[in-house]
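Q: Residue numbers (this note's numbering), protein chains in the order written: chain S, 1 to 364; chain B, 365 to 842.
None of these hints come from the bench; they were simulated from the model. Any given hint might turn out to be false.
[Claimed, not checked] With a straight-line Cα cutoff of 27 Å, these simulated DSSO-like cross-link-like pairs (lysine-lysine) come out:
| no. | chain 1 | residue 1 | chain 2 | residue 2 |
| --- | --- | --- | --- | --- |
| 1 | S | Lys-280 | S | Lys-58 |
| 2 | B | Lys-722 | S | Lys-178 |
| 3 | S | Lys-41 | S | Lys-59 |
| 4 | S | Lys-40 | S | Lys-79 |
| 5 | B | Lys-414 | S | Lys-178 |
| 6 | S | Lys-280 | B | Lys-607 |
| 7 | S | Lys-167 | B | Lys-607 |
| 8 | S | Lys-125 | S | Lys-40 |
| 9 | B | Lys-382 | S | Lys-271 |
| 10 | S | Lys-170 | B | Lys-607 |
| 11 | B | Lys-607 | S | Lys-173 |
| 12 | B | Lys-607 | S | Lys-171 |
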Amino acid sequence: MSTLEEKCRAQRELLDEHTRETVRWHFSEDTGCDFWLEKKKTFDFDPLKDVNCFNDLKKFPLFEDEWLRGGPMRRWVPKQWQNKPIYVFETGGTTGIPKSRVVVEDHWIDYELFSATLPDESFPKGANWLMLGPSGPRRLRLAIEHLAQFRGGICFCVDLDPRWVVKLLKKGKVEDAKEYSAHCIDQAITILSANNDIQCMFTTPKLLEALALRLMDQGSSIEEAGIKGIFCGGTEFTQQWYRFAREELLGPNVYITPTYGNTLMGLACGKPHDPADNYKITYFAPQPRAVIEVVDFDDHNKVVEYGATGRVKLYTMTKELFVPGFLERDEGERELPHDKYPWDGVSSVRPYHVFAKTTTVGVY
Amino acid sequence: MLEIPVIRWGAPYESLEKADVVHFETGEVMARMHQANAGLVQMDMRKAGKARERLRQFSCDQLIGMCQKAAELFLTATLPMGTGTQTPEEFCSIQSATTGLPLNMARANMKKNAFVLSNMGAMLDALTRGLPLDILTRGFGMESRGVMVSYQSNSPVLGLVLPSNSPGVHTLWLPAIPLQIGLVLKPGSSEPWTPYRMFEAFVAAGVPREAFCLYPGPHDVGNKVLETCNRAMIFGGQATVDKYAGNPRVQAHGPGFSKILLGDDVVDRWQDYLDVMVTSVLMNGGRSCINCSGIWASRHTEAIADAIAQRLGPIAPLPTTDPNAAIAAFTTPGVADAMNSQIDAGISSPVVTEVTSKYRNGDRLVKHDRCDYLRPTVLHVSDFDHGMANTEYMFPFVSVVQCPQEKMLSKIGSTLVGTAITQNENWITELVDARHIDRLNVGAIPTCALNWLQPHEGNIIDFLFRNRAFQNSLPPAH
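Excised from the complex, chain S in its bound form (with noise of 0.2 Å):
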C-alpha cells in the first residue's frame, strides 16, 4: 500500500508525462488544429521542445476564452478528428456572439470517468436518471444522458433556459421567472410522478429547492418520490446550502454530491462526505486531463500555500482541447491531496470577489 506522498509523486509524474504527450498533439503539423499551430508562430518558444512537464505550462500565455466566440469552429477541432461527428457547446452569458467549445467524445469521456466516483448505492446501475437544468445549446444534457445510458439507465429531461431568466431578472420581471421556475417544476413533478424508476438526478441547487419544496408542500419529499442519488453544480452549492440539503431538503437516506466544471473543463468531484469536515466542500480535477490550481489574485503563475485564497487556474489537456491556464470567474482555497485523489483540491469556491458583484448568480 503506498503512502499519499508516494500516490502524488506518481500522479505529478504521470501528469508531466500526459502534458508532454498533450502538447506534442496539439503542436505537431500532423495532429494539432489550426488554431494552436497559427498561435504557435507568435510564441517565443518551441512547445515541441521547451515543454517537458506540467509546470513548462506557464510557459503559454494564459488562455482567454474571448478566443472562443465566433467561428470557423473547425479551426479548434485537431486534424485527426476532422472527419469524426462534431458537437458544439456554448458557454456563458447572455448577450453578443457566445462562446463556443467544439467536442468529438470528451463530454462522454469526462462523465465516464466521473461515473466510476459515484456510490453505486445511492446511483443504482440500471436506474433512470433526471436532468433537470440548463440543456439547449450547452453540453450538460447530453452529458448526463450519456451517464445515465453509461450506467445502463434512460435519462429524462427537463430545460430550463437560464438566459432567458437572466434576461427576466435585469427587466425586474422576478414575477415572470418565478413561473417560469414553476412550469420546470410542474415537469419535473409530472415525470416524477409517471412510473418512470427515476432513482438518480442532476440539477441546480435552486431548482432542487423548489422541487423538494413543491413535493413537500404535497405531503411528499425527495426520497418518497424514489431519488436516492443526487448530483448538483454550481457556486451557489455553499457548505451552507450543503448541509440544509442534507438536513432539511433531503434527510439521511438520500445522497447528494457537489461538483464543479464547465464547458472547458470537465467535471470536478466534490470530496467524499466526512462529519469532521462540517460540510467542507472540496472539489478536485479529473486529473491528468483537467488541472485546478489555486493561484496568488496578482501572480497567477504563482500556486498560492494550502489553505490559503487565490484565483481559480484551470488547464484542459485532451486530445479534442488545450487549454494551458484559464483564470476562471472563481475564487476558493488550497486543499491538500485526498486518497482518492491524490492531487490539490480547492474549496469554498465561490465568484471571484472582484467580478461577484456584477455577477447574476443563481437563477436557475
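With chain S held as given, fit chain B onto it using these hints.
A: Only chain B this time, still in chain S's reference frame:
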C-alpha cells in the same frame, strides 16, 4: 467574539456561513453574523401561519401591554444579544461603531423606537379609527354603531428587508406584533442591532418567540423574504421603489423628496422660518426620507439659501462620540464619491449655484481611510425644471428653488412630506388635493417632526388587513 445567530421562529440557528460586522473606521470585527440561505427562508415560511396563531393566543390589548413593557426593556434593560448580552449604552455604542452614525443620533433613534412602542395603544386606536381591536383578532364583529365589519389579515407575517443606514425606520414594523402579525426580518449587514434587541425586548415582555424570524444574509435572502411573505416592506433607493411600484404585496420605502413650500403670503418673513428649514435639512444627519431636500419659494430664494448655508456650511465631520457630531459617515466605498460627482456635474449649470462652498472652509467630500463624509450642501436653483431642483442625497443636502407659487404644485413632483407654510386658504385647498404629497403639514412644522398617530406612506392597517364584506344574518329586505 459576539456571534449573532439566525432566528427561525424564535429558535437560534447557527449557520456555517458568517459575515463580519466591522467598525466603520478601524475595520475591527465587532461581531460575526450568521448568514441564512434563501432556501431556509422558504422552508420556514411554510409554517408562517403558526406565528399568527401564537400571537392570537393573546388579545391585541394584552400585546399592547407587552409593547409598553418591551419599550421600557428596549430602552433600559440589559438584554441578550446573540451569544452575549447588551446594555442600552453598549447598544448605542456598537450601532454607532458599525454604521458610522454619531452616538447622539443612535440614542435619539433608540428613544424614537421606544416612544412608538410605548404609545402603541394610542397609535393603533388612531390608525384603526377606533375599531375595537378584537375585530382584527376574530376577523369580524359588530361596531358600537351597530354595523357589522370584517377585517381579514392579508398575511400571517410581515416581511422586512431592512437598511443599515437609518435605525429610525424600525418604527414602521413595530405595530405588526400587537396586530397579531408575525415578523420576518432581514436585518441590514451593519445594523442588526435594532432588530435583534427589539426581538429580545418583545420576548422578555412576554411576546411568544415563535412569532419572529431574523434572517441576516446576502441579497437573495432579502428577495426570498419579499417573495414568500404576502406583505412585506423594503427600504432602498429610487430603483427599488420603481421595481415594486404597483405590487400590492410589497411596500417600498425610498427617497422622500420631502419639501418646504413657502407661500407668497409669508415669504417676505422667511427669516421667521429659518430654524424650521435648517432643522428639516439637518436632523438625523440628513439621512431620512423625511429630511427636507427642497425649499421652494417665489422670491428671496438667494437670501434663504445663503442664510441656511451660513448655518450648515461650517458643519464638519466629528468623532461619532462627540455630542455635537451632526453628520454620519458613508461606509460603502464609492457611494460618497458618486454623490459628490453628481453634485459637481449639477452645479456646472449656470442655473445652479452652490452656496455652501464659501462657508465650508474645505471640500464637500472628506475622505478617510475606511469611510467618507459629505459635508452639508445648499444649492440655489433658479430654474425649477433643472434636475437639481428635485433631488435627494443621504446627507444634509437641500436645493432652494425659485418658483412662482402657482407653478409649485405642478413642478415639485412626488413628495413624501410637504410642509406648506401659508395661510392662503385657496392654496391650502389645492395642497390638500395634491395627490403627489403624502404627508401634508400646513404651518411651520419641520418635515421631520412626525406625529405617530398619523399614517406614514399608507396606513399599515390597510396594508396588513383587508376590509371586506361579512354577513351572518340576512340583510334588511330591499
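Q: S/Lys-41 and S/Lys-59: Cα distance at most 27 Å?
A: Status holds; Cα separation ~14 Å.
Q: Measure nothing beyond the straight line between the CA atoms of B/Lys-607 and S/Lys-173; if it is 27 Å or shorter, mark the hint as holding.
A: holds (9 Å)
Q: Does the structure keep B/Lys-382 and S/Lys-271 at a Cα separation of 27 Å or less?
A: Holds - the C-alpha atoms of S/Lys-271 and B/Lys-382 are around 23 Å apart, at most 27 Å.
Q: With the threshold set at 27 Å, check whether the alpha-carbon distance from B/Lys-414 to S/Lys-178 stays at or below it.
A: Satisfied, since the Cα-Cα distance of roughly 25 Å is no more than 27 Å.
Q: Assess, step by step, whether the Cα of S/Lys-167 is no farther than 27 Å from the Cα of B/Lys-607, and give holds or violated.
A: Answer holds: S/Lys-167 to B/Lys-607 is near 15 Å, not above 27 Å.
Q: Please work out if S/Lys-280 and S/Lys-58 have their alpha carbons no farther apart than 27 Å.
A: At roughly 30 Å apart (the allowed maximum being 27 Å), S/Lys-58 and S/Lys-280 break the hint.
Q: Quickly compare the C-alpha distance for S/Lys-280 and B/Lys-607 to 27 Å and report which way the hint goes.
A: With Cα atoms ~37 Å apart, S/Lys-280 and B/Lys-607 exceed 27 Å; violated.
Q: When you check the alpha-carbon spacing of B/Lys-607 and S/Lys-171, does it fall within 27 Å?
A: holds (9 Å)
Q: Would the hint linking S/Lys-40 and S/Lys-79 be met if the CA-CA limit is 27 Å?
A: OK: S/Lys-40 and S/Lys-79 at ~16 Å, within 27 Å.
Q: Taking 27 Å as the top limit, are the C-alpha atoms of S/Lys-170 and B/Lys-607 close enough?
A: Status holds; Cα separation ~11 Å.
Q: Next pair to validate is S/Lys-125 with S/Lys-40; report whether the Cα-Cα distance is within 27 Å.
A: violated (45 Å)
Q: Does S/Lys-178 lie within 27 Å of B/Lys-722 when you go C-alpha to C-alpha?
A: violated (54 Å)
Going through the hint list in order, the structure does not satisfy hints 1, 2, 6 and 8.
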